[in-house]
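Student: I would like the entire structure built from these sequences, with the hints used as guidance.
Here is how the chains run, residue by residue.
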Amino acid sequence: MSARSEPGLRAPQSRTNGDPVSEENALAAWTADEMMTVAAARQLRDGAACFVGIGLPSTAANLARVTHAPNLVLIYESGCLGAKPDRLPLSIGDGVLADTADAVVSVPEVFNYWLQPGRIDVGFLGAAQLDRYGNINTTVVGDDYAAPKVRLPGAGGAPEIAASCGEVVVIVRQNLRTFTERVDFVTSVGYGSGPGDRERLGLRGGGPRLVITDLGVLEPDPVTRELTLTSLHPGVTREQARAATGWDLAVAERLSTGAPPTTHELTVLRALEATKHGSPR
Amino acid sequence: MARLVSLADGVADLVRDGDVVALEGFTHLIPFAAGHEIIRQGRRELTLVRMTPDVIYDQLIGAGCARRLVFSWGGNPGVGSLHRFRDAVQHSWPRPLELEEHSHAGMANRYVAGASGLPFAVLRGYTGTDLPRHTTNIRPITCPFTGETLTAVPALRPDVTVVHAQRADRAGNVQMWGITGVQKEAVLAAHRSLVTVEEIVDELEPVPGQVVLPGWAVTAVAEAPGGAHPSYAQGYSVRDNDFYRAWDEVSRDRDTFRAWLERHVHRTGAAA
Chain G
1 MSARSEPGLR
11 APQSRTNGDP
21 VSEENALAAW
31 TADEMMTVAA
41 ARQLRDGAAC
51 FVGIGLPSTA
61 ANLARVTHAP
71 NLVLIYESGC
81 LGAKPDRLPL
91 SIGDGVLADT
101 ADAVVSVPEV
111 FNYWLQPGRI
121 DVGFLGAAQL
131 DRYGNINTTV
141 VGDDYAAPKV
151 RLPGAGGAPE
161 IAASCGEVVV
171 IVRQNLRTFT
181 ERVDFVTSVG
191 YGSGPGDRER
201 LGLRGGGPRL
211 VITDLGVLEP
221 DPVTRELTLT
231 SLHPGVTREQ
241 ARAATGWDLA
251 VAERLSTGAP
261 PTTHELTVLR
271 ALEATKHGSP
281 R
Chain B
1 MARLVSLADG
11 VADLVRDGDV
21 VALEGFTHLI
31 PFAAGHEIIR
41 QGRRELTLVR
51 MTPDVIYDQL
61 IGAGCARRLV
71 FSWGGNPGVG
81 SLHRFRDAVQ
91 HSWPRPLELE
101 EHSHAGMANR
111 YVAGASGLPF
121 AVLRGYTGTD
131 LPRHTTNIRP
141 ITCPFTGETL
151 TAVPALRPDV
161 TVVHAQRADR
171 AGNVQMWGIT
181 GVQKEAVLAA
191 HRSLVTVEEI
201 VDELEPVPGQ
211 VVLPGWAVTA
221 VAEAPGGAHP
231 SYAQGYSVRD
241 NDFYRAWDEV
251 SRDRDTFRAW
261 LERHVHRTGA
271 AA
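Keeping their order, the protein sequence lines are chains G and B.
Under this note's numbering, the first residue of the first sequence is numbered 1, with each subsequent residue one higher.
Under this note's numbering, the first residue of the second sequence is numbered 1, with each subsequent residue one higher.
You can trust all of the hints, since none of them are fake.
If you only want the chain B side, here are some residues facing chain G, beta carbon under 10 Å, derived: (1) His28; (2) Arg86; (3) Val89; (4) His102; (5) Leu131; (6) Gly181; (7) Gly209; (8) Arg239; (9) Asn241.
Treat the hints as calculated values from the structure; they're not laboratory data.
Model, not experiment: these values are computed from the prediction.
Beta carbons are placed, not taken as given, at the ideal position from N, Cα and C, and that holds for glycine.
Tutor: Structure follows, in structure tokens:
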């Protein structure tokens, strides 16, 4: 896990010598988390309706909205449809979401009228554990549900988001604790145990299309549905990605390298992140 | 017509040991003042129902009020874990906590069924997850018209639901706006209800997006200005995100938590 959350894949530039920091130097100092957030934001198409979880998904979705996707429709499970926050909310129910939404509806309505019938294009989820078929655990770590090693927050909106959205994008840091051969608990279904499972279960959404990590991008194989490494972030090796995965990670024949964050993306992202500190006034 | 009461009297009268209690409010309008009064009055053996337990149930669980929790997402929004909730589940402190765990869609629909006077609700949900293996209140059901297999969850009928709202008038008509979550359904699903409000006014001026609960559908209303803090009341206050961040540290340690509870709940009397 050499890349995770360290300040840059190349050494961060010293800013103590009084020289103005050049654009290139600023770029050199992006973090793995920033790369992950930028890579996720780029995947959101302008005009799509996106069901957004709090944390990294919310950050990436808001970055997309203020860069290339001004008409991205952000939907929060608190009932805020079309929220356009000018700062990052800490929770899915911050006042800025209701203040800027096209409509604020009840929680039963957001799930029953908007999510359940398949009106939402993209579900944007995080994960505490993820397996090779994109199944997600956010419930418990450990084999015994009644006596878990770690009690996690639980399902929230995720099971139905994973079932009903047109497609799912997962954003999650890649390491051995998270990328496990089998998740201890299936909170949200990806491709179950392989091809045909979603259809058998009657899940109407398409399932995970992309998993975006701090190391690269994984996509389900069109036939086996197994998550396959298709792209690496700049400076990351396939060996690093495989070493951070708790199963024998498949690697695409044509493994690409993603573009580093642009100055514009980084500037906007950092400005957004800065709005998270302190309470809104 | 709803009775206008003090918060202390409202809780004393309507929340009883062993009750199934729902304190709702989806991030917004969480009835913290009422939760603190329940702690102060020493209620025990409660079944706490709430979609997002949030800091308020972390406090009630840590204070030993709860026997059982019915919920769908137990984290500190945007911050991390609820440490008192985790300590209760992982180490039975201060006492064991039974769990009944759902998804948001399931919980919301359970309230809708309760409010509708139906025994259960139907949804497309939970399919393929491990939740039905551990929560017996999630069952498959066949559509009598299409033969499709769907999911049924039973109605929630709390003994008492407590919510916070912006305003009420003197007849006990309650007005709330902003993110109104599942509060209307939770109040209508319950046998008794207590609504705390920022202020009681002579006349309710209409507000865009408002939800109005008629006074005859509410048992009691208590004025509790600031009663949602550190949650918020749109138009009156903003969410105290710093408090939510600070709670992570306060709640991590049992003694620090107890000291906080002593200082900020037990030694602070309810508005009489």
